[in-house]
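Chains B and G, in that order, give the protein sequences.
Start counting the first sequence at 1; every next residue gets the next number (the working numbering).
Start counting the second sequence at 148; every next residue gets the next number (the working numbering).
These are computed hints drawn from the structure, not numbers from a lab.
Quantities reported herein were computed from a predicted structural model and do not represent experimental measurements.
One or more of the hints may lead you astray.
[What the hints assert, rightly or not] Simulated pairs of lysine-lysine, DSSO-like, Cα-Cα distance not exceeding 27 Å: (1) K173(G) / K183(G); (2) K183(G) / K99(B); (3) K99(B) / K173(G).
[What the hints assert, rightly or not] Some chain B residues judged to face chain G by a derived CB distance under 10 Å, without partners named: (4) T22; (5) A25; (6) L45; (7) L59; (8) L63; (9) Q66; (10) T85; (11) G89; (12) D90; (13) V92.
The C-beta atom is built at its ideal place from N, Cα and C for all residues, glycine as well.
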Amino acid sequence: MRSLWVSAALILWLQTAFAIDTAPAFEDPVLQARYEHLARELRCLQCRSETIADSNASLAEDLRRQLRELIAAGRTDQEIMTYMTDRYGDYVRYRPPLKSNTMLLWAAPVLLLLIGGTVAAVVIVRKSRLPDDDLPEDDRGRSSSVS
Amino acid sequence: MLRYLIPVGLFVALIAFFFVGLGRDKETLPSPLIDKPLPQFSLPRVDDPAQAFSDQDLAGQVYLLNVWGPWCVGCRQEHEVLLEIARRNVVPIVGLAVPQSAMVDANDQPLSFEEVMGEIGLAQRWLRELGDPYRLSVFDQTWRVAIDLGVYGAPETFLIDGRGVIRYKHVGPMSLAVWERDFLPRIDQHRSVGG
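The shape of chain B in the complex, shown without the other chains:
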């Protein structure tokens, strides 16, 4: 049983491995960490549900290379994201930025939860206030003699 937990923990930990390059791109662990982080923040525009960290598409490879070049040139994370959005637009950011035109996108899950929860609460409260009239006719006599 213990080995099961160990295996599960190992599998989950290995999810953080950056397997798309054949070797780490940077010797400096700080730069490598930035590279892996930013590669997960940029969208592959050929396989659009994937980040450039995950995608095998040729464009993803080229964008990763561009990312390596920008990091090696000393650009900050902010400058790199701006470089990409200047050329490809906001959509290249894997997580949509919080702007006026994406407010509804970000708020929707919370809003739906609030609306759904409110409706559920109202319905449940209302139903709980109704008298118990759901017994079939022939059982009425029996239950009233018990209570």
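Following the hints, position chain G against chain B.
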């Protein structure tokens, strides 16, 4: 009866949203480069790789910049249309030939000229066999210029005005319908503004 109208009404509204959503083009990304200057470039010519060609060489002219490659199926599809557009001689077409992926080595350094010559040779042969609609083509070995242009899927065609400003971009194979509807009016518009 009335209380059923609320969920039905919501359902109808949802279906309406889906219906509108299905009709919208979600494939094409809006380009942030419209009305911005064309990124500077100086690249080897496909017909004569020893010579370079830069964006400055076309200053003052309105022209099309078409991103293509001999590997690109959509480029093969649009080739007849490009030949026809070139025949009509409205504006020159400049080709930006790209490899399928940047031609660099494991250390991100550009491959040597000899190694790249094979790919350029393929591009030359393609134009020889299928016809050459371009005033000239240049070769972007490292995809640097393509990324500067926000290229994500060849073929892509840009309209550049006389001041070197990108005025329009079409992603996907060109068609005469797109040429007439989207490019010609803009060409007229930008030609009359002194270039």
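A quick look at each hint next to the structure:
At roughly 23 Å between alpha-carbon atoms, K173(G) and K183(G) fall within 27 Å of each other, so this suggested pair holds. Restraint check for K183(G) and K99(B): satisfied, since their Cα atoms lie roughly 22 Å apart, inside the 27 Å limit. Between the alpha carbons of K99(B) and K173(G) the distance comes to roughly 20 Å, so the proposed pair stays at or under 27 Å and holds. Residue-level restraint check for T22(B) holds (minimum Cβ-Cβ distance to chain G is 8 Å; threshold 10 Å).
Checking A25(B) against chain G by beta carbon gives a least distance of about 8 Å; that is within 10 Å, so the hint holds. A least Cβ separation of about 4 Å between L45(B) and chain G falls short of the 10 Å threshold, and the interface hint therefore holds. Given the 10 Å rule on beta carbons, the hint for L59(B) holds: about 6 Å separates it from the nearest Cβ of chain G. Checking L63(B) against chain G: minimum C-beta separation of about 7 Å stays under 10 Å; hint holds.
Nearest Cβ of chain G to the Cβ of Q66(B): about 6 Å, under the 10 Å cut. The hint holds. Interface restraint check: T85(B) against chain G, minimum CB-CB distance 7 Å, threshold 10 Å, status holds. Checking G89(B) against chain G by beta carbon gives a least distance of about 5 Å; that is within 10 Å, so the hint holds. About 8 Å separates the beta-carbon of D90(B) from the nearest beta-carbon of chain G, less than 10 Å, and the hint is met.
Given hint, V92(B) at the interface with chain G, holds; its Cβ is 8 Å from that chain's nearest Cβ, closer than 10 Å.
Of the numbered hints given earlier, the model fails none.
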